[in-house]
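A.B. asks: Here is what each chain is made of, one letter per residue.
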Amino acid sequence: MAEFIRFDRITKFYGPLCVVENLDLGIGKGEFVSLLGPSGSGKTTLLMMLAGFEQPTAGEILLDGTSINAVPTYKRDMGVVFQSYALFPHMSVGDNIAFPLQMRGIGKAGIDERVKRALDMVQLSTLSDRRPSQLSGGQQQRVALARALVFEPRVVLMDEPLGALDKQLREQMQLDIRDLHRRLGLTIVFVTHDQSEALTMSDRVAVFNKGKIEQIGTPRQVYDEPATRFVAEFIGETNLVEGVVETVQGAEATVRLPSGAQIVSAVSGSIASGQSVFLSIRPERVDLSETRSEGRNVLETEVTDSVYQGDHLRVQLHNATHPLIAKLGRRSREFPPGTKVFAAFSAGDCRVIAP
Amino acid sequence: MPMKVAKATFAMLTIIFLVAPLIAILPLAFTSSVILTYPIPSWSLRWFEELFFADAWRRAIFNSLIIGTGTTLLATALGTAASLGLRNRLLFFRGSMRTLFLLPMVVPAVVLGVGMQVLLAGFGLTNSYIGVIIAHTVVAVPFVVVSVTGALAGIDERVELAAQSLGASPATVFRRITLPLAMPGVLSGAVLAFATSLDEVVLTLFVAGPNQRTLARQMFSSIRENISPAIAAAAFLFIAGTVLIGLVVVVSRSIMAERR
Ligand SMILES: Nc1ncnc2c1ncn2[C@@H]1O[C@H](COP(=O)(O)OP(=O)(O)OP(=O)(O)O)[C@@H](O)[C@H]1O
Ligand SMILES: [Mg+2]
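Quick note, the sequences are listed as chains A and B, same order. At position 269 of the first sequence the residue is numbered 269 (my numbering), and the sequence of numbers has no breaks. At position 48 of the second sequence the residue is numbered 48 (my numbering), and the sequence of numbers has no breaks.
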């Protein structure tokens with residue numbers, strides 16, 4: 001995929017506060033990249049710099065190979081969807097969507113036709129004459145989306161656009177946006193702090209922490225192969241177990257836990273033997289049985305609690321030195337507290353992470 | 001319960017205190033007598049005729065309209081520009097600057113009057129319409145600034161950013177977004193400026209010549225020369241005008257609110 005947007009060693013200070021630190025990020029044409037991270041990690045700031053509302057303190061932003069640092073917002077041709085919608089309160093829905101077309105000097109007939117198509121796309125054709133204040137949150141959201149897309153911008157930037165919607169509508173909109181992305185081949189930069197949203201929608205996810213990207217990769221990569229402890233804990237739920245590396249062979253390492261158990265685990269990044277590390281084990285990859293299974297990692301544990309949660313059974317376990325959580329399929333048998341069980345998982349289902 | 005009654009009574013008393021002068025003067029506009037006192041012998045509209053046909057009064061009304069209109073235009077333009085400038089986050093001493101704009105509200109009119117006279121004389125503008133309009137504008141601008149600043153504060157900055165990202169240059173953002181959204185504030189600022197000019201006496205005394213006698217000024221001098229009920233008729237005109245302006249503001253605001 002050809003690189004379209006590049007952040008080249010971008011740093012941003014607000015007074016003495018460093019909000020984005022020496023950040024490099026490339027985004028391909030037609031790619032859907034999510035910026036995911038906790039509150040205050042600099043996601044919005046990065047997006048605002050891309051849109052041209054803020055200037056980087058240092059570094060360069062390139063679009064299609066040329067620097068856009070000196071290009072004012074209105075010449076950047078990027079559609080922005082704000083978390084707060086930012087619709088024009090004094091214009092009708094139709095006029096809101098027509099605005100970017102008017103700015104581009106498109107004729108009346110052309111505008112009418114494209115506004116109509118945009119309204120159809122977000123299923124609001126009947127509400128064209130309403131004012132934004134007469135719409136529900138979800139409808140306003142869709143108007144904001146239509147307005148940002150109607151002029152076929154080079155890039156669409158979205159800052160937590162679904163934050164204000166209820167769960168059902170949010171999931172619907174997630175699918176709608178993803179569908180639009182595929183159909184129109186849009187390049188989208190999407191900010192969110194909801195990890196499942198990022199995983200559902202993106203081609204790649206950039207995980208932010210304190211102004212830096214901790215890891216960037218496909219949803220599968222950041223979930224299955226977390227590079228750092230922060231990523232492992234921030235995305236999904238995980239069991240983190242301390243241990244010491246005994247040997248490393250290629251992409252696998254043997255780790256000794258404080259309880260004496262030996263675990264064979266996949267490795268990402270450079271790990272040396274003798275190093276103390278964390279093991280990240282996803283709860284849903286853990287199987288429980290009363291017999292020791294061969295060829296897999298096995299921990300002897302005791303059930304402390306088990307909760308039925310509708311779509312899965314959540315079992316809390318305790319081994320000699322640390323707790324462990326397992327999520328079992330809905331059809332799994334019950335494990336009453338006190339049951340002694342073997343928790344088993346493959347080497348590929350756990351990762352060694354340097355602390 | 002007694003507390004409630006007491007509160008209501010005090011409210012009533014305050015209202016009476018405020019409107020008593022109006023109640024005292026208004027009926028006299030319709031007297032047939034030649035002096036400005038009660039009792040009223042019989043009702044007549046002769047003093048309104050006097051107002052509209054006597055040369056001095058007619059000129060005064062005409063002057064008030066010219067000067068009021070000029071002041072409204074100038075003060076609204078300047079006050080709106082100032083409010084837009086005060087919005088700039090990068091401005092140093094923004095708070096003190098804003099206070100500075102409100103200064104003419106608290107500085108005694110007499111002081112301003114003397115200052116204006118000296119200044120206008122320096123430019124050869126005493127005894128001219130322009131001079132009076134400038135003087136009135138000085139005291140009218142604060143009202144516009146307060147009103148427009150309030151309206152601008154209510155605008156979500158992200159709406160303007162969104163317009164920029166959709167391709168609007170700063171000038172277009174101002175014309176299509178900022179100004180329409182601030183319009184209710186600009187309008188009520190303009191109305192306040194007009195009202196300020198209409199009843200400004202002190203500055204007018206200092207800077208206006210005999211040719212720029214405004215209605216307020218004419219009332220002021222005629223109450224000393226001859227106490228004719230024409231003053232009451234003029235006062236009636238004032239009050240009717242004010243109520244009308246007030247209505248315009250209220251209606252335009254509610255229309256704006258509906259449009260939002
Ligand atoms: N205009 C500003 N002036 C000073 N500090 C700012 C400004 N904007 C943001 N910050 C600070 O920069 C940091 C990053 O803010 P940013 O808005 O980028 O976070 P975010 O990752 O978008 O968080 P959230 O998920 O809460 O929206 C925060 O600590 C914030 O307080
Ligand atoms: Mg944010």
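Careful, some of the hints might be misleading.
[What the hints assert, rightly or not] According to the in silico footprint, chain A covers these stretches of chain B (three or more CB under 8 Å from chain A):
#1 139-146
#2 165-171
#3 175-185
Derived by calculation from the structure, the hints in this document are not laboratory data. Just so we're clear, the structure is a prediction, and the values are computed from it rather than from any experiment. Every residue, glycine too, gets a C-beta built ideally from N, C-alpha and C.
A.B. asks: Hint compliance check: list the failing hint numbers for this structure, sorted ascending.
C.D. replies: 1
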